[in-house]
Amino acid sequence: MAKIIKINNLYVRYFGSDKPVLKGLSLEIEEGEFVLLVGRTGSGKSTLLNVINGVIPNIISATVRGGSINVAGRDPRKTPVHEMAMVVGTVYQIPESQIFSLIVDDDVAFGLENRAIEPEEMRERVVESLKLVNLLHKMKHPTFLLSGGEKQRLVIAGVLAVKPRILILDEPTSMLDSIGAEQIFNLVKKLNDEGLTIIMSEHRVERVIGLVDRIIGLKDGAIYIDDEPHRAVAKDLTKLGVEEPQVTTLYRMINKNSDYYPISVDEFLELGIADKLDVVSRHKEDDGEIAISVNNVRFTYPGSAQEVLKGVNLAIHDGDVASVIGPNGSGKSTLMYLLAGIYKPSSGSIQIFNHDSAKLVGKDRVRLIGYVFQDPDQMLFSSTVKGELEFTLKLAGIHGREAEDRIRRVVNYLGINDLLSQSPHKLSVGGQRRLVSVASVLVAEPRILILDEPTRGLDNEMSTALMDLILTIKEERGMTLVMVTHNMRQVGEYSDKAFIMYDGKVAFSGTPEEVFEESHRHPEWGHFTTTGL
Amino acid sequence: MLLNQVLYNPVINWIITLIILFYGPVLVVYLIFKLIGFQGYMSLFRFIEGKSIIYRMDPRTKILLSIVVTTVAAITIWWISAIMFIAVMALYALLSNVKEKLRVALPLILASFIGTAWTESIFAPYSYLQVIFHHVTFLYVFPQSLAVLGITQGGSGMFYVPYLGYVNNPVGLTWEGIIYGLQITFRAVAAIASGLLLIFSTPPSDILRSLEKSGLPIELGFTLLLAVSSVPKVLENSMVVLNSLKARGGVDFRPRSRNPIKFIAESLFIIRVVVMALVSIVILTLRDARQIAIAADIRAFRAYRRRTYYRDIRMSRIDYITVALLIALLIAGIYISGLPGMGGPCRITHDNYLNIC
Numbered sequence: 001m002a003k004i005i006k007i008n009n010l011y012v013r014y015f016g017s018d019k020p021v022l023k024g025l026s027l028e029i030e031e032g033e034f035v036l037l038v039g040r041t042g043s044g045k046s047t048l049l050n051v052i053n054g055v056i057p058n059i060i061s062a063t064v065r066g067g068s069i070n071v072a073g074r075d076p077r078k079t080p081v082h083e084m085a086m087v088v089g090t091v092y093q094i095p096e097s098q099i100f101s102l103i104v105d106d107d108v109a110f111g112l113e114n115r116a117i118e119p120e121e122m123r124e125r126v127v128e129s130l131k132l133v134n135l136l137h138k139m140k141h142p143t144f145l146l147s148g149g150e151k152q153r154l155v156i157a158g159v160l161a162v163k164p165r166i167l168i169l170d171e172p173t174s175m176l177d178s179i180g181a182e183q184i185f186n187l188v189k190k191l192n193d194e195g196l197t198i199i200m201s202e203h204r205v206e207r208v209i210g211l212v213d214r215i216i217g218l219k220d221g222a223i224y225i226d227d228e229p230h231r232a233v234a235k236d237l238t239k240l241g242v243e244e245p246q247v248t249t250l251y252r253m254i255n256k257n258s259d260y261y262p263i264s265v266d267e268f269l270e271l272g273i274a275d276k277l278d279v280v281s282r283h284k285e286d287d288g289e290i291a292i293s294v295n296n297v298r299f300t301y302p303g304s305a306q307e308v309l310k311g312v313n314l315a316i317h318d319g320d321v322a323s324v325i326g327p328n329g330s331g332k333s334t335l336m337y338l339l340a341g342i343y344k345p346s347s348g349s350i351q352i353f354n355h356d357s358a359k360l361v362g363k364d365r366v367r368l369i370g371y372v373f374q375d376p377d378q379m380l381f382s383s384t385v386k387g388e389l390e391f392t393l394k395l396a397g398i399h400g401r402e403a404e405d406r407i408r409r410v411v412n413y414l415g416i417n418d419l420l421s422q423s424p425h426k427l428s429v430g431g432q433r434r435l436v437s438v439a440s441v442l443v444a445e446p447r448i449l450i451l452d453e454p455t456r457g458l459d460n461e462m463s464t465a466l467m468d469l470i471l472t473i474k475e476e477r478g479m480t481l482v483m484v485t486h487n488m489r490q491v492g493e494y495s496d497k498a499f500i501m502y503d504g505k506v507a508f509s510g511t512p513e514e515v516f517e518e519s520h521r522h523p524e525w526g527h528f529t530t531t532g533l
Numbered sequence: 001m002l003l004n005q006v007l008y009n010p011v012i013n014w015i016i017t018l019i020i021l022f023y024g025p026v027l028v029v030y031l032i033f034k035l036i037g038f039q040g041y042m043s044l045f046r047f048i049e050g051k052s053i054i055y056r057m058d059p060r061t062k063i064l065l066s067i068v069v070t071t072v073a074a075i076t077i078w079w080i081s082a083i084m085f086i087a088v089m090a091l092y093a094l095l096s097n098v099k100e101k102l103r104v105a106l107p108l109i110l111a112s113f114i115g116t117a118w119t120e121s122i123f124a125p126y127s128y129l130q131v132i133f134h135h136v137t138f139l140y141v142f143p144q145s146l147a148v149l150g151i152t153q154g155g156s157g158m159f160y161v162p163y164l165g166y167v168n169n170p171v172g173l174t175w176e177g178i179i180y181g182l183q184i185t186f187r188a189v190a191a192i193a194s195g196l197l198l199i200f201s202t203p204p205s206d207i208l209r210s211l212e213k214s215g216l217p218i219e220l221g222f223t224l225l226l227a228v229s230s231v232p233k234v235l236e237n238s239m240v241v242l243n244s245l246k247a248r249g250g251v252d253f254r255p256r257s258r259n260p261i262k263f264i265a266e267s268l269f270i271i272r273v274v275v276m277a278l279v280s281i282v283i284l285t286l287r288d289a290r291q292i293a294i295a296a297d298i299r300a301f302r303a304y305r306r307r308t309y310y311r312d313i314r315m316s317r318i319d320y321i322t323v324a325l326l327i328a329l330l331i332a333g334i335y336i337s338g339l340p341g342m343g344g345p346c347r348i349t350h351d352n353y354l355n356i357c
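Note that the protein sequences, when read in sequence, are chains A and B. When the letters of the first sequence are read in order and numbered with this note's numbering, they come out as residues 1 to 533. When the letters of the second sequence are read in order and numbered with this note's numbering, they come out as residues 1 to 357.
The reader is advised that the hints may include incorrect statements.
[Unchecked claim] No more than 20 Å apart at the CA atoms, straight line, and that leaves these computed lysine-lysine pairs for PhoX-like:
1. A:359 - B:246
2. A:163 - A:131
3. B:101 - A:140
4. A:140 - B:51
5. B:246 - A:363
By construction, these hints were calculated from the structure, which means they are not laboratory data. Computed from a prediction, not measured in an experiment: that's the story for all the values here.
Isolated chain A, as found in the complex:
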């Protein structure tokens, strides 16, 4: 087949930095290929994608040196970005910043109006694109009422409307829940089957590895792995800070020097070694004090008619790690808000270490229960990291020497001593800012810590490091962790108990193994298993 992208000896360096991001990268991609791009944060994935669509150097300034770049016969450096977009469609992470209209079909039409496509043809293309992404029934819907997955599909429709030959997706699912992500992956596969060339960077390798033709792994601005998926995992993706499928890891444990590794459950089962495995179900005895007990809690937001929680019952023991999972809109976040005392139940009761939650206010509450929000920017307010920690302590009524001690303790734990005088908003989005947001809650030394999607947007390596750190602190300090997450690997690896929320109730609870098993019978709960094992 014809090569649609040919890049030879590419160097890219951003202004103000002395180190190039891409170093002598050469690459060829065939028309119709589905390429998965992996690597750590900062390995150069986004830079490479933005060179292919011409955003670098036309919009984002950077020095692009070296040999030739040929994308469908054009040099993106010398072609206006909007012209390149007729050949290369691009979808970025955050759907909201790529949607410009209030109504679905208007948004698809936006790019066509700008290109002065005749109205007749435009209307045809809008319908056609919406049909492709399966949003035709929501043609007249307000864009801001779509779910995350639907929004990203709308973005794809807008991009497809100009009929590009290549589709670039830069971590398209990092803002979506597992159901939304699944929609995107299925759609992208379908488009690829129809002949579109796809280049996608993605952290959820396990979910897409079965769909792609080829994996390109970047390390420090150069190609480290470039191979068909089976051979790519054989070369060990984990060296690139990328998670590999759990069946691959499992097989590696059993058979260290194999030259073939399975990437799906079916392949694993075919190898016929599953029988040799002993499945040990962890079962932690429910002992110790009850940290959180939720009794028949119902809740309706003020001014709304719709009941969000419809009789929730659960108990979490002191020292446990509990995961709360379930599709978006099932009431997970609302339940966390109630546990944190942001809202009071409409009926029913919540006990936190035998205190009635409704009567627990101010300092007493802060010292018992802390809440780390999903997005660090939602909870960082001060101009310095130290100020941020002091702010929490002031609210917790802790002053003077005790406050100093606690700040010292928490920064030592998290290894952020040298960040104290910096502005939290200037720290790196991934790791550091997240650590500071955790520190700002931990400094009050609560007995229960709620984590809302603690590793969202972090690459595999950072996620693992953060979770290990939190778990270590938990062990040393004897905390109880409650974690809302869409990452089933975390549920399986770290939790003692998992609760499935569905339609405002706890639909099931048990050990992660029990929950994964039960979820097979309930597709409506979402895609809970990572491997199916």
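Start from chain A and add chain B according to the hints.
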């Protein structure tokens, strides 16, 4: 008299005055947030298609309608504004799903009614009222320092004030002020009702398309669109930031201490927290600006001089008839406003004496 001593005790006098001064604006904010809220804002832009004449009109005709209604209401006497308001409200019958539209429109209209009426009733210059009503009855008198500070305007001369007796140059709430405020209000609500009619009956992007077609720079239209579409996100961000502050330690935004020094310290702390929260909301809202710019460029925004329009925006017969009627209305309005006693706001005549409004 006991009531006199209670009502005009300096502290109580100030409290009542502050309540009266802030009652209007606070109630407006309350109405907008409580009755309309997030859902209401959403339904403002949840355009539902309809078949009636109002939906078939060109957006430009409807824009002209609100301009003419606003202009005529502004230049004519209050009861003509009231008629215009009622006429516009009658047009609401042409909307589909009227009930939901009214659920949003009525609180907004009521809020502007109260807001304007209340402000006008306190701040309307005493001399205006004297000319219009020939007589001014004070209901409650504010501390004189308000007049000194130039916040309100007082009467000149001796006035009888209930429970206080005769007062020299008083400032305060007057009966005529309230009536004047209500009259003036019809101008504001006629304008708002006609503006909402446009929003309810036209998809938002069609309003922009028609404005662009009539020469509005596309950049400006795009900016407006971005502003409107970022409001849901801003509201959502504000909720999350407030919740995260609450989770952090029960910041309840109410100073509770009875010790005055602590009370002030608490209040200052709350102000600091509010500023921090606002900064956070702004950061959350603006941090994706660069990506928005890139996405717009990729979709060829401003890349070509020529643009086409997804929907046909064309003047039809109904539009020409409506435009003709509107022009007639405008001319009639201008004529009526020139008639003695039918004009809008007071004007100063050559002998420097206020004309009758």
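Hint numbers contradicted by this structure: none
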